[in-house]
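Participant: Line by line, the protein sequences give chains C and G.
When we follow my numbering, the leftmost residue of the first sequence carries the number 1, and every step to the right adds one.
When we follow my numbering, the leftmost residue of the second sequence carries the number 1, and every step to the right adds one.
It does not matter which identical chain is used: a pair holds within one copy or between any two.
Calculated cross-link-like contacts (lysine to aspartate or glutamate; reagent style EDC-like; alpha-carbon spacing at most 16 Å):
no.: 1; residue 1: Lys421; residue 2: Glu216
no.: 2; residue 1: Lys420; residue 2: Glu216
no.: 3; residue 1: Lys56; residue 2: Glu68
no.: 4; residue 1: Lys33; residue 2: Glu119
In short, the hints are calculated from the structure, not lab data.
There are 2 protein chains.
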Amino acid sequence: MIKANDSNRKSWIEVSKDSDFPIQNIPFGVFKKSDNNICVGTRIGDRAIDLNALQKLNYFAGIALGPEIFNKETLNDLLKLNKPVWRAVRDRIAEIFDANNEMDETHKGLVLSMIEEVEMMMPVSVGDYTDFYSSRQHAYNVGCMFRDPNNALLPNWLHIPVGYHGRASSIVLSGTNIHRPKGQQLPVDAEMPVFGPCKLMDFELEMAFVTGQGKELGNHISTAEADDYIFGMCIFNDWSARDIQKWEYVPLGPFLGKNFASSISPWIVTLDALEPFRVEGEKQEPAVLPYLEFKGNKNIDIKLEVQIASDHFEPHTISRSNYKYMYWNMTQQLAHHTVNGCNINAGDLMASGTISGNTPDAYGSMLELSWKGTKPITMPDGSERKFLQDNDSLIMKAHCQADHYRIGFGKVRTKILPAKKLNI
Amino acid sequence: MIKANDSNRKSWIEVSKDSDFPIQNIPFGVFKKSDNNICVGTRIGDRAIDLNALQKLNYFAGIALGPEIFNKETLNDLLKLNKPVWRAVRDRIAEIFDANNEMDETHKGLVLSMIEEVEMMMPVSVGDYTDFYSSRQHAYNVGCMFRDPNNALLPNWLHIPVGYHGRASSIVLSGTNIHRPKGQQLPVDAEMPVFGPCKLMDFELEMAFVTGQGKELGNHISTAEADDYIFGMCIFNDWSARDIQKWEYVPLGPFLGKNFASSISPWIVTLDALEPFRVEGEKQEPAVLPYLEFKGNKNIDIKLEVQIASDHFEPHTISRSNYKYMYWNMTQQLAHHTVNGCNINAGDLMASGTISGNTPDAYGSMLELSWKGTKPITMPDGSERKFLQDNDSLIMKAHCQADHYRIGFGKVRTKILPAKKLNI
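Chain C on its own, in the form it takes in the complex (with noise of 0.2 Å):
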């Protein structure tokens, strides 16, 4: 049903088969090219596609895009439009570049560069962040480190796909580097906190989705409806600062352990592409109320994997997840969130909390690998992490397998520099 789904069609321009983008997934994204003109534009193979050169060319004609809707530094003009629109574009795309036309050269040149030429940038201006927390192994392992393994999940878990709101303006994007953060922490045993740079620098293995226009303040979105508010995903790398983390939050939730920065990947996959990789999620005990049941397989299979990369090793993976463990889906997500009256706007970001598997190999953040550090992790050169460590470099990987091409995100990759120092 959607055309650019059709998992037979080959392009013209050449893809290898473990690459991330084959004309199946047609993301879309922002970046700088070699002439310093920024433009909205997607990716087939190594071959970044001007999206803003191809309208001005008219290949969009009969797409109610309205004009320069590419010749922008965000997607956000284009996430306010609505889905028969993306998936219009999205489908002229995958007929533009099939295997059965053709494109003039003088067009090529003026469309295509390869993807090394090309900078990528910030994809979305995000207006509103939240982040959820929505896997339950993740959910129960932290419960069982701080609470009761007896009573890990908390009263509200199973009834609420609980979540916060974040910061936005701190959302960069993977290549960015990041300093260390300081801030207050309350050593073991003491009074008194101690202020420092952190010493329990975590990463967290998420998934975010990005939001179309939706409703007037007061009007809620139903499971039925939000798939079409849903315009596509990224990785999402939620860092955290456990020992500001756990002094701070109580009672009002992660502050300045989560707020110095989030890291995204650039290449926002639409919801549309993920389809063919809908799966059934766990069945949820107890039922949940009426406004969070939904119909359909609203799960993706979407293989995870974390590295740590250093100047002293090649990128070692430490974990392996799937975005399919989540118990509560984006639908359930969206809804919870805008029951009450909540509105969005196109370009906010919703993260799906640190996605745990059942096994220890799967965990999605340092805490629970090295299991609060107890159990130290080996490096390819020998030496040992409790958590991340200065000039370390984060690498999260996400792709969806079809029998003959995957559906990729790329990665997002991210150097922890050292702290700077505080002037006072």
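Assemble the complex: chain C is given as a structure, and chain G must be docked to it using the hints.
Facilitator: Relative to chain C, chain G alone:
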């Protein structure tokens, strides 16, 4: 030193003695004129002043403003400039409208409107919104009600200006009516939650400040620098659905209990205009960590008043509090918020948290005023309030009192409409 604060200055625009807007105020806002043009403006007495018209008439010559800075639908572009420019604009406005100067009648026609003839608009497109929890009496009251009167303050409260991220999209202007939110609640002694309209609808009396453009991610703003990054303040009503909040907030903080709406007053009163009303805050013991130390008087004497009105009675005062009661001041809040490297942008909004004074008639929420519903408040028509009812209007007012004039914020007034039906 700040010329516009000259207490002897009078304007050629008539200003009644009890006006919130003498020539010493000069707040900034956005309004739609009778010709439907929207502009950035200010107010003296009952006159709305079109700053875009003033700029076109060359009144701001010599100030580094750039063109069309007031031909905008928000203050955000002005906020991206800096304090010397903001101050120069305010000083110039004080000159233009000084009783010793005159204005051409044609210019008056272009620049001035009666305040009733303009429609106030949201002054700021809020990027990120943070809510603090900085009134000791409020934190103590909540601790007494929900925890233990002997250990009412949590261990971190005297060390950290506790805060959390809120929802920016649902901040609305005074006069925007809101619907009672719906959501999950756990009835007393029940094991399973139910869904329905909030039964414990509450306000929170707060003040908020609006920021200018901060530093790059990874840098911090010290207490000594903080005032330079604060443009001004407004009244803030942090609507709270107590029953929804109670069930959801452990462990990640308030979410749907707060994000259905927050209401602000339309005029941003500059920090400069508030300087004459600085007072010393409560002594902080134990001593704060060095990055939270500050010099000078950083609290402000702003008199606050809360009223309920309905179809059956005129506005009835239920609380009188004061912004000077804050334990943590704005410079500490901003220094704390950024000490981990979190960046702020022009147009971020940071609210104080509920401002409760030390006596029961100075508490800043129904939760505290009715002490969890155990001490209902009697209205002029004989009806009682434990929490707010449908069709109640909630009014907050704020002003600083000088000998011969007051610097006021106007008011924020919001009517609560019945819950909307859920369509699923």
